[in-house]
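Here the protein sequences line up with chains A and B, keeping their order.
When we follow my numbering, the leftmost residue of the first sequence carries the number 68, and every step to the right adds one.
When we follow my numbering, the leftmost residue of the second sequence carries the number 102, and every step to the right adds one.
None of these hints come from the bench; they were simulated from the model.
From chain A, some residues computed to sit far from chain B (all C-beta separations above 12 Å): (1) Arg-69; (2) Gly-115; (3) Asp-186; (4) Leu-187; (5) Ala-189; (6) Val-208; (7) Ser-219; (8) Arg-229; (9) Ser-235; (10) Pro-236.
DSS-like cross-link-like pairs, simulated, lysine-lysine; straight-line CA separation at most 27 Å: (11) Lys-487(B) / Lys-140(A); (12) Lys-98(A) / Lys-212(B); (13) Lys-109(A) / Lys-215(A); (14) Lys-98(A) / Lys-217(A); (15) Lys-212(B) / Lys-215(A).
With the Cβ distance kept under 8 Å, some of the chain B side facing chain A (calculated, not the full set): (16) Phe-418; (17) Asn-504; (18) Gly-553; (19) Thr-557.
Ideal placement from N, C-alpha and C gives every residue a C-beta, glycine not left out.
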Amino acid sequence: MREYKIVVLGSGGVGKSALTVQFVQGIFVEKYDPTIEDSYRKQVEVDGQQCMLEILDTAGTEQFTAMRDLYMKNGQGFVLVYSITAQSTFNDLQDLREQILRVKDTNDVPMVLVGNKCDLDAERVVGKQQGANLANHFNCVFMETSAKAKISVNEVFYDLVRQINKKSPKEVNKPRSRKHICRLL
Amino acid sequence: MLVRGCAGGELRHSLSEKTKALAAKCHALRSPAREQRGTERRRTRQRKSQTRWYVKQPTWRLWGEERVDGAIYTVYLKKVRYHRPTRCASSESDDEISHLEWETVRVRFVKAGTVDRLVEALATDDGELESTYVNVFLATYRSFAECSKVLDLLLGRYETLAADDVLSTGTENSQQHRKTLVACLHVWLDTYPEDFRQPPHHPALQQLLTFTQIHLPGSELHSKVLQKLAIFSAERNGSVGGSGVSLAPGMRLPAHHTISYRLPHVPHRHFAEQLTRMDMELFKKLVPHQCLGAIWSRRDKDRSHDAATVLATVNQFNAVSFRVISTVLVEPILKPLERADILAAWLDIARELRVLKNFSSLKAIISGLQSNPVYRLRKTWALLNKEKAELFEELARIFSEDNNRWAQRELLMREGTAKFADTVGENDRQLQKLLHERGSPGVSHGTIPYLGTFLTDLTMIDTAIPDTVADGLINFDKRRKEFEVLAQIKLLQGAANAYHLPTDPMFDRWFDSVIILDDREAYQLSCQIEPQTNAPKERRPKKNENNNGHRKNDSIASTSSSNSSQFYCETDGVGTWKRDSLERRSSPTRLSHGSSSSSIPSLDVSLSSANSGPKQLNGKVANSPAHPTRNGPDFYIIRVTYESDCVETEGVVLYKSIMLSNNERTPQVIRNSMLKLNLDGDPDGYTLAQVLPEREMVLPANANVYYAVNTAYNLNFILRPRRPETDVVVNGKTKNKRA
Numbered sequence: 068m069r070e071y072k073i074v075v076l077g078s079g080g081v082g083k084s085a086l087t088v089q090f091v092q093g094i095f096v097e098k099y100d101p102t103i104e105d106s107y108r109k110q111v112e113v114d115g116q117q118c119m120l121e122i123l124d125t126a127g128t129e130q131f132t133a134m135r136d137l138y139m140k141n142g143q144g145f146v147l148v149y150s151i152t153a154q155s156t157f158n159d160l161q162d163l164r165e166q167i168l169r170v171k172d173t174n175d176v177p178m179v180l181v182g183n184k185c186d187l188d189a190e191r192v193v194g195k196q197q198g199a200n201l202a203n204h205f206n207c208v209f210m211e212t213s214a215k216a217k218i219s220v221n222e223v224f225y226d227l228v229r230q231i232n233k234k235s236p237k238e239v240n241k242p243r244s245r246k247h248i249c250r251l252l
Numbered sequence: 102m103l104v105r106g107c108a109g110g111e112l113r114h115s116l117s118e119k120t121k122a123l124a125a126k127c128h129a130l131r132s133p134a135r136e137q138r139g140t141e142r143r144r145t146r147q148r149k150s151q152t153r154w155y156v157k158q159p160t161w162r163l164w165g166e167e168r169v170d171g172a173i174y175t176v177y178l179k180k181v182r183y184h185r186p187t188r189c190a191s192s193e194s195d196d197e198i199s200h201l202e203w204e205t206v207r208v209r210f211v212k213a214g215t216v217d218r219l220v221e222a223l224a225t226d227d228g229e230l231e232s233t234y235v236n237v238f239l240a241t242y243r244s245f246a247e248c249s250k251v252l253d254l255l256l257g258r259y260e261t262l263a264a265d266d267v268l269s270t271g272t273e274n275s276q277q278h279r280k281t282l283v284a285c286l287h288v289w290l291d292t293y294p295e296d297f298r299q300p301p302h303h304p305a306l307q308q309l310l311t312f313t314q315i316h317l318p319g320s321e322l323h324s325k326v327l328q329k330l331a332i333f334s335a336e337r338n339g340s341v342g343g344s345g346v347s348l349a350p351g352m353r354l355p356a357h358h359t360i361s362y363r364l365p366h367v368p369h370r371h372f373a374e375q376l377t378r379m380d381m382e383l384f385k386k387l388v389p390h391q392c393l394g395a396i397w398s399r400r401d402k403d404r405s406h407d408a409a410t411v412l413a414t415v416n417q418f419n420a421v422s423f424r425v426i427s428t429v430l431v432e433p434i435l436k437p438l439e440r441a442d443i444l445a446a447w448l449d450i451a452r453e454l455r456v457l458k459n460f461s462s463l464k465a466i467i468s469g470l471q472s473n474p475v476y477r478l479r480k481t482w483a484l485l486n487k488e489k490a491e492l493f494e495e496l497a498r499i500f501s502e503d504n505n506r507w508a509q510r511e512l513l514m515r516e517g518t519a520k521f522a523d524t525v526g527e528n529d530r531q532l533q534k535l536l537h538e539r540g541s542p543g544v545s546h547g548t549i550p551y552l553g554t555f556l557t558d559l560t561m562i563d564t565a566i567p568d569t570v571a572d573g574l575i576n577f578d579k580r581r582k583e584f585e586v587l588a589q590i591k592l593l594q595g596a597a598n599a600y601h602l603p604t605d606p607m608f609d610r611w612f613d614s615v616i617i618l619d620d621r622e623a624y625q626l627s628c629q630i631e632p633q634t635n636a637p638k639e640r641r642p643k644k645n646e647n648n649n650g651h652r653k654n655d656s657i658a659s660t661s662s663s664n665s666s667q668f669y670c671e672t673d674g675v676g677t678w679k680r681d682s683l684e685r686r687s688s689p690t691r692l693s694h695g696s697s698s699s700s701i702p703s704l705d706v707s708l709s710s711a712n713s714g715p716k717q718l719n720g721k722v723a724n725s726p727a728h729p730t731r732n733g734p735d736f737y738i739i740r741v742t743y744e745s746d747c748v749e750t751e752g753v754v755l756y757k758s759i760m761l762s763n764n765e766r767t768p769q770v771i772r773n774s775m776l777k778l779n780l781d782g783d784p785d786g787y788t789l790a791q792v793l794p795e796r797e798m799v800l801p802a803n804a805n806v807y808y809a810v811n812t813a814y815n816l817n818f819i820l821r822p823r824r825p826e827t828d829v830v831v832n833g834k835t836k837n838k839r840a
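From just these sequences and the hints, can you work out the full model?
This is the structure we're talking about:
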């Protein structure tokens with residue numbers, strides 16, 4: 068099974084962690100444990116293909132700036148998240164994207180721009196068109212999501228998988244370590 | 102509440118298991134939560150579906166839930182021995198006594214409740230102290246109640262019980278119950294004195310004082326409250342300011358000592374110890390509950406101080422990474438081999454940090470080395486000898502993100518409270534060698550964890566588990582989960598006391614003197630050192646490619662660096678998103694700029710740079726690719742010393758490095774220097790001169806410094822207050838008397 072490393076980036080408070088938790092666990096699990104090995108792993112089927120997604124969420128460590136390069140180096144696809152209720156979080160993405168392109172040394176990086184918290188339309192300060200414009204400029208896909216209301220969360224990750232497939236369709240499955248295979252079976 | 106009975110064979114087995122667990126708990130662990138966590142972890146690996154440890158323990162059985170007004174309890178049935186031996190005396194011999202009778206006790210854990218109910222639960226039904234619960238409660242209550250509210254409830258409960266006693270309507274438990282409440286207050290005061298600080302009047306402490314005067318005059322609690330009050334007011338009146346380190350004469354080291362503060366020829370062990378000392382001070386000051394998701398991840402402008410101790414740790418981490426990046430890149434003219442030596446020096450320091458179990462600075466160094474501007478220097482890395490390259494791989498493996506950072510978690514688990522480092526992977530040849538060489542050190546070390554993992558875990562818990570359950574009751578199970586992480590932090594903080602490291606003020610000065618590059622500056626320098634080899638791909642969208650009426654965005658991209666930097670300044674309340682504490686300290690004016698409209702890129706660089714700090718340098722550095730002048734560097738790094746009459750700095754050469762870009766004029770360079778050197782006042786009151794072998798060249802008042810400097814020599818400068826009428830400027834190349 069092909070593995071996909073997906074990195075979720077964005078300022079603090081945009082709801083990155085909620086997106087991740089919603090996608091991986093479905094929110095409101097009684098016995099949630101973020102410390103076990105597969106807390107952020109999920110197997111999904113995209114276009115008839117089984118995929119193993121490993122989500123790297125930077126939540127809580129946004130301010131450890133020096134570590135971002137490594138996240139970026141290891142990630143194959145990126146979710147750039149802002150909150151539609153905070154203009155600053157939208158503005159911050161410009162720099163993050165620059166950094167990703169610099170680290171990847173290419174202009175073609177699988178990426179989805181996400182305006183989160185679209186359930187809070189009353190508090191909206193970043194217009195949908197603004198998001199679409201930025202995505203257009205980034206040359207990437209744009210979605211508005213709500214982790215809370217479960218709107219378009221899975222679509223974000225599915226789209227990234229498709230983008231990664233498109234970019235490198237023939238990537239050979241790296242044999243996973245025996246340990247993992249055991250656990251998965 | 103007691104249910105007698107149960108079958109024998111099963112009991113015998115569970116008895117020995119339980120006893121062993123208890124014994125282990127008694128002699129090795131202070132924190133029950135850690136035991137819990139440890140067990141849980143082990144279990145996790147054994148079976149996939151995992152729940153709380155006591156559910157899996159044969160002697161514990163989940164019975165169900167119980168709802169009362171304002172609270173929900175989880176009820177377990179627990180088998181215990183009918184005649185309990187004294188608690189810590191449990192030893193192997195207990196295994197043999199298996200013929201004892203058993204009873205089954207019903208144990209309730211608060212799952213959720215109102216604040217009132219949660220406060221009541223500090224004591225059990227029998228009025229006994231529920232110590233684990235008290236710990237969890239005090240560590241986490243801030244996320245659902247104010248300090249004053251909890252204190253009101255606690256004292257109110259005591260008073261109710263006391264009143265019942267007077268009317269002799271109280272139960273036999275009520276005396277015990279009140280004792281327990283007092284014990285809680287003791288724990289609270291001892292463990293979280295900061296809750297009671299509330300300057301200037303310490304209302305909670307005053308309230309507690311009144312309470313003890315009425316109900317417990319002359320008690321231990323009473324005197325503790327008085328003592329705390331005295332401490333707080335002394336601190337308020339006493340020496341609050343003045344923590345700035347001045348150069349005491351004893352701190353001046355002979356000049357040759359300063360040599361050892363220049364990479365790569367530094368004493369590795371000493372550097373590692375000093376970094377650890379810095380980390381340790383911050384880590385011990387860390388207030389664990391500031392790491393809670395509800396506080397740390399929801400930090401914003403108004404509440405940034407709520408997480409100040411966490412922020413300090415993060416800043417230090419970044420500061421270390423920045424120093425790695427900077428020392429590797431800052432001198433563009435080094436030979437590749439010399440630069441490789443600097444990498445090697447950092448790896449040697451990192452290796453010592455591994456021995457010291459300082460995972461914070463260790464990760465900071467690895468992150469610095471893995472940062473793009475450093476990591477991409479292929480030629481430099483290729484010159485590292487094989488052993489160093491292996492060492493790097495092995496150290497980096499510790500912090501692999503794979504499997505939810507399993508390697509790192511496991512290592513922390515094993516060594517967190519161990520006396521010294523002794524865990525290596527089977528493939529870690531260099532580390533095996535290292536630990537073999539060192540043997541077991543005579544002294545034991547503490548542990549400093551990389552805090553980020555805890556912060557992520559707590560953020561995730563906060564996100565995934567709701568604050569309240571049905572009927573709006575506070576979800577206390579969430580707090581238990583959070584406490585598992587907090588307890589681990591606390592345990593490590595305790596272990597950090599094992600460090601005994603000397604303080605070297607010269608190291609701190611070195612640390613503070615290192616220039617900080619932001620990621621664009623670093624990348625720019627990196628590309629100067631090793632230009633991109635493959636034909637540079639077109640990274641930015643071509644100018645008019647997507648031109649469909651959104652030119653605004655395009656223009657943001659082409660000048661994005663200056664723009665988005667301003668975004669940071671404008672919008673990031675904490676202001677540390679991308680710079681460390683040092684830089685912030687030295688440029689308090691930074692945050693005030695950036696008021697210009699973000700959609701209008703300030704192309705007039707010289708104008709914009711006139712009203713901001715070094716940050717604006719970004720603009721220039723990043724704008725420069727627009728001019729296809731690839732001939733020389735677009736900026737220099739210059740060193741500026743401040744010369745004053747102050748005797749105190751005599752004998753110590755203190756310089757700051759600043760970036761000088763190709764369109765900066767004298768006033769701007771002076772202003773930048775003043776910021777770095779922490780000088781206030783009018784830039785016109787200072788002169789700047791380049792130090793040449795035989796003379797100084799004072800820069801004319803409005804020269805383009807970049808072109809004016811003499812690059813045949815070192816770029817060392819002196820900034821000094823302008824003396825009235827003594828500086829004669831002639832033609833831009835003034836000779837000045839040598840100072």
